[in-house]
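Which chain is which? The protein sequence lines are P and R, in order. If you're matching positions, the first sequence starts at 1 in the numbering used here and goes up one per residue. If you're matching positions, the second sequence starts at 1001 in the numbering used here and goes up one per residue.
Since the hints were made in silico from the structure, they are not lab data. Don't be surprised by glycine CBs; every beta carbon is placed ideally from N, CA and C. Certain hints may be false.
Stated by the list, open to error - In silico lysine-lysine, DSSO-like type, Cα no more than 27 Å apart, as pairs:
1) 1198/R x 12/P
2) 1189/R x 12/P
3) 2/P x 12/P
4) 1089/R x 1118/R
Claimed, not checked - If you anchor each label on the Cβ, the simulated ranges turn out as follows:
5) 144/P x 1085/R: 40 to 50 Å
6) 31/P x 1155/R: 32 to 42 Å
7) 1157/R x 205/P: 31 to 41 Å
8) 201/P x 1092/R: 47 to 57 Å
9) 141/P x 1175/R: 45 to 55 Å
10) 8/P x 1175/R: 20 to 30 Å
11) 1155/R x 142/P: 54 to 64 Å
12) 1092/R x 118/P: 24 to 34 Å
13) 1085/R x 134/P: 52 to 62 Å
14) 31/P x 1117/R: 20 to 30 Å
15) 1049/R x 69/P: 53 to 63 Å
Claimed, not checked - Sample of chain R residues at the chain P side, in silico, Cβ under 8 Å:
16) 1044
17) 1045
18) 1046
19) 1055
20) 1060
21) 1080
22) 1090
23) 1092
24) 1102
25) 1164
26) 1179
27) 1182
28) 1183
29) 1184
30) 1203
31) 1204
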Amino acid sequence: MKNEEINDVLEKAGRALPDPSPATLQRIADSIKPSLRPVRPLPTAWAMTAGLVMICATVSLAGASRAGFFGLEKMGILERLLIFPALVILAWLAGSEFVHEMIPGSRRRISPGALLGLSSAALLAVFALLFRDYQTHHFISIGIVCLLTGLLHAIPAALFAWLLLRRGFAVNPISAGLVAGVLGGLAGVGMLELHCANFQAAHVLVWHIAVVPLSGAAGALVAWSLRFRAGSSARERTNPK
Amino acid sequence: MGARVCLAPKNNLREHTGIDNDCRKVFEPMCPDSNLDILMARYQQGDYGAATDLIGRTSPQLLRFFLAQSASRADADDLLQETWLRIHKVRHTYRASEPALPWFYAIARYVRVDHYRKSVRTTLGTTKLEAMSKEATAVPGKFDHVESLETLLAPLPESQREVIEMLKVAGMSLEEVARATSSSVGSVKQKAHRAYTKLRETMNATGFGKGQSGGLS
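With the sequences and hints as input, model every part of the structure.
Right under this line is the structure:
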């Protein structure tokens, strides 16, 4: 069979499907009528994205100002010029994707998984290029502290980001959770770069970058558990026992 | 964004939505020249006429979407109503600069997946007898059509089935399907291509094109 013949068969089959009854349409119209009032549309995508990037920058700066800007002070011009613009670009990309996740029917430029991979790979490339000290002193003990610090800053960044976009509607909550986690993770990495003066390559490549995938995974897990709980409570309402 | 007269296939909304039937008596379009995007903007401003017009225009497509995904007529009606409640709740998320149809379908898709998840869980705790009785009480005669499309799309995986439904039954463009399914245009093309390959194989194997001219018309 040719494509045109298949098209024809599918279109005929589609046309043969029934329409909704007038009673159903009337019932739908009646159900929305009592609560029909003007609503304020969401702001433009770029304004929301800018707000998300501001949140990330604020969380990073607030964390570093409390803990100290030791990393920033130790960095050279080249490091500052490569690391922070890279973080801002990635945060803008993640913020933009988070906005699109919260608006149904938006055009998707990059999938959440690809965003996570791209963010991690880009940071790996930048850090591998800049940090050439291959010693590993107190690799795990210091690394765990940095990882936890990064994650502790990722949480408020992701929460504030969600608060900013709370009027949105995620048609795929797990993807939205993953992207929010990546965005928060980038804020966490930003804080670590401002604060951490340990420039050993292995430390930065492993423990600083690990904040992004771990935060993303945590975001997806939280979204999944919230959806699971919502489904369970709906089931209990339907089938009370 | 340029104004589009209609998003339905061949720019013929009447043919596509079957608006000549009884629905039209109840939901006579109040502004026949306006498109869905404009109606959505008016709906956001609390215009009841625009809301009923939108319901009349998009519900047939959404119902077909649910029916094509193997839902029974009763389930499809419930899903349609649930979709509209959800649309009403999140109507502020529609942006006037974006096409409306992918926005509708993205929400319909969410409702269908959510319904499917809940029904899978609920089914574990209920008997098959209940499902059988539901089917027995369904509106007679309406499954003939549904089974036709269902039979056609049955060999396809879920993701390919919904892409084919949106492209060929709802008449959406690749870009619109990509938006509705939160994927890229390339991914939609790939799914459509694979679906057509599978459909061709199945139809050739069953001799569909030979001597079955009136089967689906």
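Right, here's what the structure says about each hint:
A distance of roughly 19 Å separates the Cα atoms of residue 1198/R and residue 12/P; the hinted pair therefore holds under the 27 Å criterion. The straight-line distance between the Cα atoms of residue 1189/R and residue 12/P is roughly 22 Å, inside the 27 Å bound, and the hint therefore holds. At most 27 Å may separate the alpha-carbon atoms for a hinted pair to count; residue 2/P and residue 12/P meet this at roughly 16 Å. Straight-line distance between C-alpha atoms of residue 1089/R and residue 1118/R comes to about 20 Å, which keeps the hinted pair within the 27 Å bound.
Range check, residue 144/P to residue 1085/R: Cβ separation about 48 Å, and the 40 to 50 Å hint holds. Checked against the hint of 32 to 42 Å, the C-beta distance between residue 31/P and residue 1155/R comes to roughly 37 Å, which is consistent with it. For residue 1157/R and residue 205/P, the hinted distance range of 31 to 41 Å is satisfied, since their beta carbons lie about 39 Å from each other. A beta carbon spacing of about 48 Å between residue 201/P and residue 1092/R agrees with the range 47 to 57 Å that was offered as a hint.
In this structure, residue 141/P and residue 1175/R meet the distance hint of 45 to 55 Å, their C-beta atoms being roughly 52 Å apart. In this structure the hint that residue 8/P and residue 1175/R lie 20 to 30 Å apart at CB holds, the actual value being about 23 Å. In this structure, residue 1155/R and residue 142/P meet the distance hint of 54 to 64 Å, their C-beta atoms being roughly 57 Å apart. The hint said 24 to 34 Å for the Cβ distance between residue 1092/R and residue 118/P, and at roughly 31 Å that hint holds.
About 59 Å separates the C-beta atoms of residue 1085/R and residue 134/P, a value consistent with the hinted range of 52 to 62 Å. With their beta carbons about 23 Å apart, residue 31/P and residue 1117/R fall inside the hinted range of 20 to 30 Å. Between residue 1049/R and residue 69/P the C-beta distance comes to about 59 Å, which sits within the given range of 53 to 63 Å. Hint status for residue 1044/R: holds, given a least beta-carbon distance of 5 Å to chain P, under 8 Å.
With 8 Å as the threshold, the beta carbon of residue 1045/R comes within range of chain P, its nearest partner Cβ sitting at about 5 Å, so the hint holds. Checking residue 1046/R against chain P: minimum C-beta separation of about 4 Å stays under 8 Å; hint holds. With a cut of 8 Å, the hint placing residue 1055/R at the interface with chain P holds, because the nearest CB-to-CB distance is about 5 Å. At about 5 Å, the closest approach between the beta carbon of residue 1060/R and any beta carbon in chain P falls short of 8 Å, and the interface hint on this residue holds.
For residue 1080/R, the suggested interface contact is upheld, since its CB lies about 6 Å from the closest CB of chain P, less than 8 Å. With a least beta-carbon distance of about 4 Å to chain P, the hint placing residue 1090/R at the interface is held under the 8 Å criterion. At about 4 Å, the closest approach between the beta carbon of residue 1092/R and any beta carbon in chain P falls short of 8 Å, and the interface hint on this residue holds. For the restraint placing residue 1102/R at the interface with chain P, the shortest Cβ-Cβ distance is roughly 4 Å, inside the 8 Å limit, so the hint holds.
With a least beta-carbon distance of about 7 Å to chain P, the hint placing residue 1164/R at the interface is held under the 8 Å criterion. With a least beta-carbon distance of about 5 Å to chain P, the hint placing residue 1179/R at the interface is held under the 8 Å criterion. A distance limit of 8 Å between C-beta atoms decides the matter here; for residue 1182/R the minimum to chain P is near 5 Å, and the interface restraint holds. For residue 1183/R, the shortest C-beta to C-beta distance to chain P is roughly 7 Å, which falls under 8 Å, so the interface hint holds.
Contact between residue 1184/R and chain P, as hinted, is supported at the beta carbon level, the nearest pair being about 7 Å apart and thus within 8 Å. This hint holds: residue 1203/R has a C-beta 5 Å from the nearest C-beta of chain P, less than the 8 Å allowed. At about 6 Å, the closest approach between the beta carbon of residue 1204/R and any beta carbon in chain P falls short of 8 Å, and the interface hint on this residue holds.
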